[in-house]
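Student: Chain by chain, the residues:
There are 2 protein chains.
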Amino acid sequence: MNIINKKIGIVGGGQLGKMMILEAKRLGFYVAVLDPSPDCPAHSICDKLIVADLNDPKGYMELSKHADVITYEWENISIRALEILEKEGLPIYHPLTTLKAIQNKHSQNEVLHKNGIPVPKFTKVKSIDEIKEAGKPENFGYPLMLKTTTGGYDGKGTALIRTENDVENAYKTLGSGTMELMVEEFVDFEKEISLVACRSISGDSVIYPIAENTHVKSILDTTIVPADIDMSTISKANDIGRKLMSAMEFIGTFCIEMFVTKNGDILVNEIAPRPHNSGHFTIEACFSNQFENHIRAILGLPLGDASLQTPCVMVNLLGQSDGKTALFGLEEAYKHPNVHIHLYGKSTSKTGRKMGHYTVVDNDINKAKTLATELKKIIFVGTNKENNNG
Amino acid sequence: MNIINKKIGIVGGGQLGKMMILEAKRLGFYVAVLDPSPDCPAHSICDKLIVADLNDPKGYMELSKHADVITYEWENISIRALEILEKEGLPIYHPLTTLKAIQNKHSQNEVLHKNGIPVPKFTKVKSIDEIKEAGKPENFGYPLMLKTTTGGYDGKGTALIRTENDVENAYKTLGSGTMELMVEEFVDFEKEISLVACRSISGDSVIYPIAENTHVKSILDTTIVPADIDMSTISKANDIGRKLMSAMEFIGTFCIEMFVTKNGDILVNEIAPRPHNSGHFTIEACFSNQFENHIRAILGLPLGDASLQTPCVMVNLLGQSDGKTALFGLEEAYKHPNVHIHLYGKSTSKTGRKMGHYTVVDNDINKAKTLATELKKIIFVGTNKENNNG
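Top to bottom, those sequences are chains A and B. The opening position of the first sequence corresponds to residue 6 in my numbering, with each subsequent residue numbered one higher. The opening position of the second sequence corresponds to residue 6 in my numbering, with each subsequent residue numbered one higher.
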């Protein structure tokens, strides 16, 4: 089969799936998407949308008929369901072994630890008593992070325990033991950084420049590239990226979120086996962005240049209210010729929902930061209730 | 209406329409396309494809139901049909007055001449005798260009007359007087250059860096940016761009193809009221490419940065044989991380048909040129008959 006739199947049609398709379409690839929503961001630009629950085997069987290679935009999917595709002879990237190791936060940390990659101290807990035991000063002490080992994202599945008094509430919030739990040492970090990288089937890889992230209410707010960290921290982060790349046998784009502590140590916080929100800056700031390289990787193609062309600040646009989506400030923002706005095409805005993002590029990163901050007051996504002049 | 709910209608779903949609989709705009082919390049990424002949009023009536603003990717369309859309109250960009002035090559030249913009000498001709008269040394002399005043593109609608002996053949080739004809002085040019620019509804504009073009058999083969011309030529070309911009009242992206003569004069060859093949380099080499700025312009938004980020060479991929499209050399080409290939998604390859293009970016333009030339032997589009290893 000629390569351009290869059909790509994506599990999940959210913004990450959509941005993968925009790159796949530059080469005219056929893309089928499996998503529970007929109105998902990918719906209008994919060739085939299969609407089914992501736990429904029928959807995967249908997807297998429309794809020659499978990828996913979301790690919290059923391995069993993906195994259906594997049984149909379809290659899946990242490989299921990689996904399995990552899906469970506890086994993820174990793999990291085994490979000499520093992580916050962690242990499984089963009960309120075990959490309290971990909170003792001779063990992890307080504050303490309680996490479900599976299913977490954007702060969901985690609870901060400040003192022993918070333990019962945190335990309840995370399902009162119905889900597997772990505790993690609280890291009083100086900075959060992330490394986005891509590895091809042949084992070649590219690492994008390290990004510096700020979260608000556990959701990514701003990414600044290059990160304001010293060369030795960059070098440590890149070493971790390279080690993990071969340890985990990624194929495609992935992200490692890390803490930089006050004394300059790096601890890995989380791994995402997919293109990542903190890598959106690559669309404007790099020659081959994280989505393009992901598509290249899963098709067995060599990867494109991941070096930074221009410093960049990315800011997420979260929904400010509930209702039919409206975008405000587009015209005013575009008076600055170095601004790009991306809207994911979600017809309904919800407070706190990721609706889009914008980037500012400037050779002077401080100018980019200043403008990105000013634009926070200007660009926003909500509903027409707020304003009819948008 | 909130701006993101504005529906865009495009007349024509070829590669230019497709690349407009890829940009429109970054902001999640709804796009309806009118094209005679259900399989056109835009078909899989537009929201609504209306399949109808571009001369069929019914197709335009249907398009009017799915759009709030209209643009087109192709200038040789029926003004009468577009007037149907205008009567339905839809704004059309570029405006119909602009399109009318451009559609007829003779009136185009008259507008240019009236505005003090240098063009090759030209005059209408109706018969073999009138062509022979123009060919006399005291008039235009030979060689002489014969052109239909309407409908020409990629060398179609033109015939080179080297001596009086060619006149009858050329006259026959261009329809024996069934179409309006003109002759034009033959320009023995040193270089062909083009200026791609965009003008917004508010009258603001951006001009992309001047591109240097090489045609093979009258079809664009290679574009190199920056053009290898001196500052005074750049300045003359930009002056022409600015003059034309206000004279023609463009709204959207347009292109001016120009000849640079051996003594450094510039003559305008042709105007295209749409994004142009010689502006494809802007996708990789500029922050806001010609398609993005076109979409911004027709929506009444300010324009994005059109300055050159990296030198770039663009090479067209023409079909090498007839049959089901296959792409060869992708993997080898992508061993160079600074190469991007675009395939337009035409399921059928035809010899000489524009199937895609590739770009090479490099801060050293000579390296980009060398690699772009090497890749001509490696990347090609044809059918599976040639090779099964692609």
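Keep in mind that a hint or two might mislead.
Identical chains blur together in the list; that is why a pair holds if it fits in one copy or across any two.
EDC-like cross-link-like pairs, simulated, lysine to aspartate or glutamate; straight-line CA separation at most 20 Å [as the list claims (entries may be wrong)]:
id : residue 1 : residue 2
1  : Lys329    : Asp52
2  : Lys241    : Glu169
3  : Lys137    : Asp171
4  : Lys340    : Asp310
5  : Lys329    : Asp134
In case anyone wonders, no lab produced these hints; they're calculated from the structure. For clarity, every value in this text was computed on a predicted model and none was experimentally measured.
Student: Now tell me if each hint is right for this structure.
Tutor: Results for each hint:
Proximity of lysine 329 and aspartate 52 under a CA criterion of 20 Å is satisfied inter-copy only: 19 Å between copies versus 26 Å inside one chain copy. In this assembly of identical chains, the alpha carbons of lysine 241 and glutamate 169 never lie at most 20 Å apart, being 35 Å within a copy and 76 Å across copies at closest. Taking the shortest alpha-carbon separations for lysine 137 and aspartate 171, only the intra-copy value of 10 Å comes in at or below 20 Å, while the best inter-copy value is 98 Å. For the homomeric pair lysine 340 and aspartate 310, the shortest alpha-carbon distance between copies (10 Å) is at most 20 Å, but the shortest distance inside one copy (30 Å) is not.
For a Cα distance limit of 20 Å, the shortest separation of lysine 329 from aspartate 134 qualifies neither inside one copy, at 46 Å, nor across copies, at 68 Å.
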